[in-house]
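A.B. asks: Under this note's numbering, the sequence shown has 165 at position 49, and the numbering climbs by one with no breaks.
Any given hint could be a false lead.
[Said to hold, decoys possible] Below, in silico cross-link-like pairs of lysine to any residue (SDA-like), each with a Cα-Cα straight-line distance of 25 Å or less: (1) Lys194 to Ser135; (2) Lys163 to His233; (3) Lys194 to Leu140; (4) Lys163 to Glu218; (5) Lys228 to Phe188; (6) Lys250 to Arg225; (7) Lys163 to Lys194; (8) Lys194 to Asp147; (9) Lys250 to Phe181.
Think of the hints as simulated: they come from the structure by calculation, not from any bench.
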Amino acid sequence: MKCYCSLIKLSEGKSPAVSCWPLLRGYDKADGSRAYPLAAVVASLSKPNPTTPALMGHFNVVLFFHEMGHVFHELLSKTRFHRFHGVEVSGDFEEAPSQMLEHWCYDSRVLKLMSSHYETQQPMDDEFIDKLIKRY
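Taking the hints into account, I'd like the entire structure generated from these sequences.
C.D. replies: Right, dumping it as structure tokens:
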């Protein structure tokens with residue numbers, strides 16, 4: 117089984133912060149029925165403490181969205197053969213759904229909708245979003 121994980125240099129023996137694991141590939145069975153796929157996102161995220169909830173920084177949000185692109189690719193593919201299911205395609209097409217989802221993390225309208233301050237529940241302000249986007 118191949119793990120599709122974000123390209124982060126890791127120390128030997130370390131798991132990536134976020135990765136997609138295709139557990140079962142989808143395909144058409146000989147009797148015409150469908151074998152449905154199964155995929156999981158595995159993440160090593162920060163734990164909450166007594167004063168602060170578990171929070172995700174922008175970098176981890178981008179990684180999470182990237183890996184969810186691989187999950188969607190796995191779950192929404194409909195192929196006849198197991199071998200060509202999901203991300204078992206050429207490199208450019210393998211990354212296309214993931215890169216499309218990543219781009220949402222750099223769109224100020226989307227960031228406003230999917231984020232908020234953990235205490236005030238207010239969305240990120242425009243100035244902060246602009247700084248965040250320009251940083252990358």
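A.B. asks: Which earlier hints turn out false for this structure, listed by number in ascending order?
C.D. replies: 7
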